[in-house]
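Engineer: Use the sequences and the hints to build the structure in full.
Protein chains: 2
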Amino acid sequence: RCFHFCKLPGRVMGIRLLRFTSVVIIVLLLVAGALTALLPTIKDDKLPNSRREPKTQSQSALDSFTLIMQTYNRTDLLLKLLNHYQAIPQLHKVIVVWNNIGEKTPEEMWNSLGPHPVPVVFKVQTVNRMRNRLQNFPDLETKAVLMMDDDTLVSAHDLAFAFSVWKQFPEHIVGFVPRKHISTPSGVYSYGSFELQNPGFGNGDQYSMVLIGAAFFHSGYLEDFQRQPEPVYALIDETQNCDDIAMNFLVARHTGKPSGVFVKPVDIRNLEKDTNSGYSGMWHRAEHLLQRSYCVNKLVNIYDGMPLKYSNIMISQFGFPNYANHKNKM
Amino acid sequence: RCFHFCKLPGRVMGIRLLRFTSVVIIVLLLVAGALTALLPTIKDDKLPNSRREPKTQSQSALDSFTLIMQTYNRTDLLLKLLNHYQAIPQLHKVIVVWNNIGEKTPEEMWNSLGPHPVPVVFKVQTVNRMRNRLQNFPDLETKAVLMMDDDTLVSAHDLAFAFSVWKQFPEHIVGFVPRKHISTPSGVYSYGSFELQNPGFGNGDQYSMVLIGAAFFHSGYLEDFQRQPEPVYALIDETQNCDDIAMNFLVARHTGKPSGVFVKPVDIRNLEKDTNSGYSGMWHRAEHLLQRSYCVNKLVNIYDGMPLKYSNIMISQFGFPNYANHKNKM
Numbered sequence: 001r002c003f004h005f006c007k008l009p010g011r012v013m014g015i016r017l018l019r020f021t022s023v024v025i026i027v028l029l030l031v032a033g034a035l036t037a038l039l040p041t042i043k044d045d046k047l048p049n050s051r052r053e054p055k056t057q058s059q060s061a062l063d064s065f066t067l068i069m070q071t072y073n074r075t076d077l078l079l080k081l082l083n084h085y086q087a088i089p090q091l092h093k094v095i096v097v098w099n100n101i102g103e104k105t106p107e108e109m110w111n112s113l114g115p116h117p118v119p120v121v122f123k124v125q126t127v128n129r130m131r132n133r134l135q136n137f138p139d140l141e142t143k144a145v146l147m148m149d150d151d152t153l154v155s156a157h158d159l160a161f162a163f164s165v166w167k168q169f170p171e172h173i174v175g176f177v178p179r180k181h182i183s184t185p186s187g188v189y190s191y192g193s194f195e196l197q198n199p200g201f202g203n204g205d206q207y208s209m210v211l212i213g214a215a216f217f218h219s220g221y222l223e224d225f226q227r228q229p230e231p232v233y234a235l236i237d238e239t240q241n242c243d244d245i246a247m248n249f250l251v252a253r254h255t256g257k258p259s260g261v262f263v264k265p266v267d268i269r270n271l272e273k274d275t276n277s278g279y280s281g282m283w284h285r286a287e288h289l290l291q292r293s294y295c296v297n298k299l300v301n302i303y304d305g306m307p308l309k310y311s312n313i314m315i316s317q318f319g320f321p322n323y324a325n326h327k328n329k330m
Numbered sequence: 001r002c003f004h005f006c007k008l009p010g011r012v013m014g015i016r017l018l019r020f021t022s023v024v025i026i027v028l029l030l031v032a033g034a035l036t037a038l039l040p041t042i043k044d045d046k047l048p049n050s051r052r053e054p055k056t057q058s059q060s061a062l063d064s065f066t067l068i069m070q071t072y073n074r075t076d077l078l079l080k081l082l083n084h085y086q087a088i089p090q091l092h093k094v095i096v097v098w099n100n101i102g103e104k105t106p107e108e109m110w111n112s113l114g115p116h117p118v119p120v121v122f123k124v125q126t127v128n129r130m131r132n133r134l135q136n137f138p139d140l141e142t143k144a145v146l147m148m149d150d151d152t153l154v155s156a157h158d159l160a161f162a163f164s165v166w167k168q169f170p171e172h173i174v175g176f177v178p179r180k181h182i183s184t185p186s187g188v189y190s191y192g193s194f195e196l197q198n199p200g201f202g203n204g205d206q207y208s209m210v211l212i213g214a215a216f217f218h219s220g221y222l223e224d225f226q227r228q229p230e231p232v233y234a235l236i237d238e239t240q241n242c243d244d245i246a247m248n249f250l251v252a253r254h255t256g257k258p259s260g261v262f263v264k265p266v267d268i269r270n271l272e273k274d275t276n277s278g279y280s281g282m283w284h285r286a287e288h289l290l291q292r293s294y295c296v297n298k299l300v301n302i303y304d305g306m307p308l309k310y311s312n313i314m315i316s317q318f319g320f321p322n323y324a325n326h327k328n329k330m
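Which chain is which? The protein sequence lines are P and C, in order. Taking full-length UniProt numbering, the leading residue of the first sequence gets 1, the next gets one more, and so forth. Taking full-length UniProt numbering, the leading residue of the second sequence gets 1, the next gets one more, and so forth.
Possibly wrong hints are sitting among the right ones.
If you anchor each label on the Cβ, the simulated ranges turn out as follows [as the list claims (entries may be wrong)]:
#, chain 1, residue 1, chain 2, residue 2, range
1, C, 110, P, 254, 21 to 31 Å
2, P, 186, C, 323, 19 to 29 Å
3, P, 288, C, 197, 40 to 50 Å
4, P, 220, C, 115, 54 to 64 Å
5, P, 223, C, 167, 23 to 33 Å
6, C, 110, P, 170, 19 to 29 Å
7, C, 227, P, 200, 37 to 47 Å
Okay, derived cross-link-like pairs now, PhoX-like style, lysine-lysine, Cα gap no bigger than 20 Å in a straight line [as the list claims (entries may be wrong)]:
#, chain 1, residue 1, chain 2, residue 2
8, P, 309, C, 167
9, P, 273, P, 257
10, C, 309, P, 167
11, P, 123, P, 80
12, C, 309, C, 298
13, C, 257, P, 167
14, C, 298, C, 327
15, P, 327, P, 257
16, P, 257, C, 167
17, C, 104, C, 80
18, P, 167, P, 80
19, C, 167, C, 257
Going by beta-carbon spacing under 8 Å, a handful of chain C positions derived as facing chain P [as the list claims (entries may be wrong)]:
#, residue
20, 157
21, 160
22, 178
23, 202
24, 204
25, 206
26, 265
27, 268
28, 276
29, 279
30, 283
31, 313
32, 317
33, 324
34, 327
None of these hints come from the bench; they were simulated from the model. In this text, all values refer to a predicted model and were calculated from it rather than measured experimentally. We put the beta carbon where it would ideally sit given N, CA and C, even for glycine.
Structural biologist: This is the structure we're talking about:
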């Protein structure tokens with residue numbers, strides 16, 4: 001019932017309009033409320049290529065690295081090493097490149113022994129190739145890659161430090177194993193380590209490569225690696241060797257500087273002798289080093305020049321492990 | 001006398017003209033020859049600010065460095081050190097900042113014992129100030145400065161290596177003596193070395209300064225130093241100390257990065273005990289370290305902020321002095 005307003009015909013119309021609009025507004029609010037309740041939950045998504053990652057994965061792509069470990073015939077070592085590496089701070093994910101063709105991965109067993117600190121992805125390969133580890137894996141979300149051989153154990157301290165060094169030299173291969181090439185009067189190059197003649201630039205030795213079997217490098221180089229001349233792939237496949245030398249050529253060509261930065265490891269171990277498989281690494285083959293000299297010369301041929309440059313910078317961690325490791329008898 | 005040509009009047013004119021022009025040409029050639037003989041000899045001049053340098057000075061300004069050594073009351077050490085440093089490869093010139101006010105420099109004796117590998121300039125000072133060595137000397141022709149205390153001997157090997165490192169980090173102070181500041185809960189800073197608490201960024205120690213008493217840095221920073229706030233100069237003059245801390249503040253503010261890069265010296269010696277003068281350095285004063293903590297806090301005040309940044313990078317020379325100094329028990 002109306003009050004004194006009702007007596008006016010215009011106001012009667014006004015009241016009906018007011019009622020109508022009120023009802024419409026209330027209905028709209030109810031519908032909006034219902035829609036809001038039905039919206040999907042927006043996930044916290046810092047990663048460029050979002051996937052369904054567990055909520056524990058909070059490290060951003062810039063502050064962490066991906067471990068890529070290729071494995072062949074040493075699953076016992078692989079699992080031992082995974083237990084160690086999975087707990088390294090700033091590790092984002094592990095990619096295991098499974099070169100055991102036709103053999104089941106240990107994924108089931110891995111999952112049954114969860115939870116794990118980070119996701120581990122087993123990439124099953126179809127052919128047992130050395131360069132399988134240099135694919136541009138879509139699972140890669142970080143800028144930094146840590147590449148490790150499946151028989152090499154590097155301490156968490158060394159890795160944390162080397163990662164901090166890589167962040168200061170992101171265009172270089174920052175790692176623990178330095179090697180060099182030398183020139184001979186004939187113009188033919190030879191590959192080796194400190195037992196080889198110094199290149200002769202001042203006193204001391206020089207290195208021109210850092211091996212990728214224990215090193216950090218930018219994931220962009222995996223992308224670059226897919227765009228190399230065919231003969232490079234043929235060389236690596238023919239020798240089942242030298243993918244790391246090829247990567248050093250690639251990086252040196254890209255930067256015009258020494259490809260690597262050598263970080264002196266405090267605790268690096270080769271667990272090869274500990275394997276039950278009896279399988280010993282490729283580097284035991286009689287022709288291994290000769291092959292690598294061969295690869296250096298082939299790559300110079302393919303790229304029409306020697307891009308590797310020498311460096312004598314050796315980086316260690318100030319005050320670690322000995323808090324006065326820089327003290328001198330001043 | 002002419003021949004058959006003379007009979008023609010036109011040709012008579014031609015002959016006279018020919019003779020005349022021949023004579024003119026010959027005279028001009030003679031004058032040109034005389035002038036050429038009289039021209040001064042053009043000196044080989046690669047240096048931007050050319051001065052009358054002896055012909056032995058062939059190192060370009062980019063490939064060499066200038067040693068600046070300030071001296072007070074230790075002329076015997078100075079001369080001993082000059083004999084060592086004057087022979088360092090890639091040394092361009094020595095500037096001795098003579099803080100012995102009113103005392104004659106050893107220039108006469110120096111000259112009488114010539115020839116010397118490089119020029120040595122004695123800059124006589126009017127007041128004995130610590131910051132005299134931080135003037136923008138017009139004698140400076142190189143991009144790089146090596147600053148040395150007058151009681152410090154660093155081996156030629158260390159200097160050659162550190163210079164090569166400086167060329168890779170030209171905006172940093174590259175030297176042999178690292179120090180740090182630490183923050184305390186009260187917000188007051190303290191200055192020290194490895195005996196002080198680690199700053200707590202991961203394991204191991206950190207340094208935030210490299211002292212200029214044994215270091216390479218860019219000569220441009222001497223120019224910058226002339227443009228600092230007056231209280232900085234007052235602080236250095238008041239304490240007769242801390243010019244090196246001030247330089248580290250300057251460099252850190254300029255780069256936004258750690259001011260220094262520490263190169264671990266193989267052979268660095270303090271010859272202080274060898275002086276006949278009995279004069280012992282400023283750092284023996286009881287208040288020396290306390291003064292330096294005081295300076296850190298004053299500079300933070302003057303610059304309204306703490307610009308120093310930490311680093312834990314320690315650089316050594318690969319394969320020197322031990323040719324396998326990077327070998328590990330892999």
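Engineer: Hint residue 313(C) vs chain P: min CB-CB distance below 8 Å?
Structural biologist: holds (6 Å)
Engineer: Hint check: is the beta carbon of residue 283(C) less than 8 Å from a beta carbon of chain P?
Structural biologist: violated (11 Å)
Engineer: So, as I understand it, the hint says residue 204(C) touches chain P; can you test that by seeing if any CB pair is closer than 8 Å?
Structural biologist: holds (3 Å)
Engineer: Can you tell me whether the CB distance of residue 186(P) to residue 323(C) sits inside 19 to 29 Å?
Structural biologist: holds (24 Å)
Engineer: Check the hint pairing residue 167(P) with residue 80(P) against an upper bound of 20 Å on the C-alpha distance.
Structural biologist: Violated. Residue 167(P) to residue 80(P) sits at ~28 Å, over the 20 Å cutoff.
Engineer: Taking 8 Å as the limit, does the beta-carbon of residue 206(C) come near enough to a beta-carbon in chain P?
Structural biologist: This interface hint holds because 7 Å falls under the 8 Å limit.
Engineer: Given residue 324(C) as an interface hint, is the shortest Cβ-Cβ distance to chain P below 8 Å?
Structural biologist: Residue 324(C) check passes; min Cβ-Cβ to chain P is 5 Å, inside 8 Å.
Engineer: Using the C-beta atoms of residue 110(C) and residue 254(P), is the stated range 21 to 31 Å upheld?
Structural biologist: violated (51 Å)
Engineer: Just to be careful, I want the Cα atoms of residue 309(C) and residue 298(C) compared with a cutoff of 20 Å; is the pair within it?
Structural biologist: OK: residue 309(C) and residue 298(C) at ~17 Å, within 20 Å.
Engineer: Taken at face value, is the distance from the CA of residue 257(C) to the CA of residue 167(C) at most 20 Å?
Structural biologist: holds (17 Å)
Engineer: Can you verify the interface hint for residue 160(C): is its Cβ closer than 8 Å to any Cβ in chain P?
Structural biologist: holds (6 Å)
Engineer: Verify the interface restraint on residue 157(C): the C-beta must sit less than 8 Å from at least one C-beta of chain P.
Structural biologist: Where the cut-off is 8 Å and the nearest Cβ of chain P is about 6 Å from residue 157(C), the hint holds.
Of the numbered hints listed earlier, those contradicted by the structure are 1, 6, 9, 14, 15, 18, 28, 29 and 30.
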